[in-house]
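**Student:** For reference, the chains in residue letters:
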Amino acid sequence: MNAPINAPKLYDCRDAFAATLERLAAENETIVAVCNDSVGSSKLGGFKAKFAERLVNVGIAEQNMVGVGAGLANGGRLPFVCAAAPFLTGRSLEQIKADISYSNANVKLVGISSGLAYGELGPTHHSIEDFAWTRVLPNLPVIAPCDRIETAAAVEWAAAYAGPCFLRLSRVGVPDLLPEGHKFELGKANLLRQGFDVTLIANGTLTHRILKAAEILADRGINARVLNLATVRPIDEDAIIAAAKETGAIVTAEEHSIFGGLGSAVAEVVVDNAPVPMKRLGVPGIYAPTGSAEFLLDEFGMAPSAIADAAQSLISRK
Amino acid sequence: MDTTELERIARQIRLRDLQAVFEAGAGHIGGEMSVIDILTALYFRVLNVWPDQPTHPDRDRFVLSKGHTACALYVTLAKRGFIPEEEISTFLQPHSRLNGHPNCNKVPGVETNTGPLGHGLPVAIGMAKAAKLSGARYHTYVVTGDGEMQEGSNWEAIMAAAQFKLDNLTLVIDHNRFQQGAALAETNDLAPLRPKLEAFDWEVTEINGNNMSEVVSALEHRGLRPHCIVAHTNKGHGISFMQDRVDWHHKVPSKEQYQTALAELSEAL
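So the sequence lines, in the order shown, correspond to chains B and G.
For the first sequence, this note's numbering assigns the number 1 to the initial residue and increments by one for each residue that follows.
For the second sequence, this note's numbering assigns the number 1 to the initial residue and increments by one for each residue that follows.
Keep in mind that the hints were calculated from the coordinates and are not lab data.
Errors might be hidden in some of the hints.
Below, a list of computed lysine-lysine pairs in the DSSO-like style, where the Cα atoms sit at most 27 Å apart [stated by the list, open to error]:
#: 1; chain 1: B; residue 1: 245; chain 2: B; residue 2: 188
#: 2; chain 1: B; residue 1: 318; chain 2: B; residue 2: 245
#: 3; chain 1: G; residue 1: 79; chain 2: G; residue 2: 255
#: 4; chain 1: B; residue 1: 9; chain 2: B; residue 2: 212
#: 5; chain 1: G; residue 1: 79; chain 2: G; residue 2: 106
#: 6; chain 1: B; residue 1: 212; chain 2: B; residue 2: 245
#: 7; chain 1: B; residue 1: 318; chain 2: B; residue 2: 279
#: 8; chain 1: B; residue 1: 48; chain 2: G; residue 2: 106
#: 9; chain 1: B; residue 1: 212; chain 2: B; residue 2: 279
#: 10; chain 1: G; residue 1: 132; chain 2: B; residue 2: 50
#: 11; chain 1: B; residue 1: 50; chain 2: G; residue 2: 165
#: 12; chain 1: B; residue 1: 48; chain 2: G; residue 2: 132
If you anchor each label on the Cβ, the simulated ranges turn out as follows [unchecked claim]:
#: 13; chain 1: B; residue 1: 291; chain 2: G; residue 2: 53; range: 53 to 59 Å
#: 14; chain 1: B; residue 1: 259; chain 2: G; residue 2: 163; range: 38 to 44 Å
#: 15; chain 1: B; residue 1: 53; chain 2: G; residue 2: 55; range: 24 to 30 Å
#: 16; chain 1: B; residue 1: 188; chain 2: G; residue 2: 1; range: 54 to 60 Å
#: 17; chain 1: G; residue 1: 224; chain 2: B; residue 2: 49; range: 25 to 31 Å
#: 18; chain 1: G; residue 1: 3; chain 2: B; residue 2: 268; range: 28 to 34 Å
#: 19; chain 1: B; residue 1: 49; chain 2: G; residue 2: 5; range: 51 to 57 Å
#: 20; chain 1: G; residue 1: 165; chain 2: B; residue 2: 287; range: 40 to 46 Å
#: 21; chain 1: G; residue 1: 180; chain 2: B; residue 2: 241; range: 47 to 53 Å
Yeah, the Cβ is synthetic: ideal placement off N, Cα and C, and Gly gets one too.
With these hints in hand, go ahead and build the complete structure from the sequences.
**Tutor:** Dropping the structure here:
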């Protein structure tokens, strides 16, 4: 069940988000999009053209944006609150906590251009803390799809789910990884490659990189299991425990700080249930130097060959 | 319900609030006493709400953004039939659903969780905007403290309300002139509030917020723009030794003080 990792074409997942939202909005008149002057960067131009009155643009005011989202949900609307991930989460974290998570408001938070997507714009525009900030909040599923197929599926799932969630999207191009028609299941990891020597776990823009790393490892005679773990909370404990017990070593890779993100979430499950050696790859607790997202991922040891090296080194500690 | 009857209910709510704070050994009694006339007018005259159907889609929305005065809201909700009156004695007790700030998932009649300041008005903007989108006829009311207006999120919301032409929204600022640590004037003085709201294209009415007929009349006003009522109130209103004293923001009366306050409020009944 190896995924087609050599697909040459790369897709911006925002397009799948926008197309799915427009399709759902045509069927469901309660769907509204809320944004902070981010019509272009959130790819809401098509939504605006089709449903102008249902686009609630509050201007550059993220705290109000999230509160307005909660109020729209109270009034029977189904809001998708869309903004650049660093500002959506960082600027309005208390609103996300009190108005959305604690109030359990049926609001879909959509963080666009997450992680290192804004590369050269620098650390103010990087969103490498958002997993840590959001995954501690009750009632709030945290989801980072790996490709356009999973993005569309997650948006469709979110619209049907009766509660809040945080969708963490990127603008960095990724190949198709999951089969067409894939249905998103909350809290369920996708096994993209079977193996028993080591497990590689990632989500978002890193999933295709760990698949490439698994290919490199295979050339070295190492069979790596590959898990796409889009849902950071609630996390798929069963898949992680099985990976620990059956492969004995786990490497995580994420477009996020290594503190508090996907790797930390996996490590929490591992230490509680089946301790094995782990290596957490990500942004190593620093503000990134200047560079594109792709450059920075390589810089921080997440080029496929570097991930493969980290896995090989980890296996020696088993 | 006429003004005299509303005044009588407000005094009963003050009395029960005082008892609850004394028994619990905590609360925000100063700001509760200042806001109770507004809560009474809302729940017993102005709001279209149905205690047996607290989530009816056509209900008017009310948000107590100054969530630290939750006890006054609980007493009002109980008196209006949303929760049992005897439940007030559980205020702040372990596992009570009546904690220090209102929880919409536990207490019927509460619309959104408040506590951190500057949250209620943005949520109320969303509620009012939802009605504009759906064609619903409900009106949205929100009460903030005056010190709370120092939070920048309120001014983001004030801008949006004007832009969205929310004539179905009423903001009441409980202008008791004191915040937790000092008078507003000594901290970050927003007074006068009227020109600031008017500059953002809101319609503004100034009233004595402890005068029932003025409160009712202002709350029932309908115009063409978002409406702000600057309600000039007294912190600790109704209890002589608390009135306009900053230390009664969240002080708890001693037994002696409690008896004095009880006597003053009972006499007014």
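**Student:** Hints numbered earlier in the text: which of these fail when held up against the supplied structure?
**Tutor:** 8 and 18
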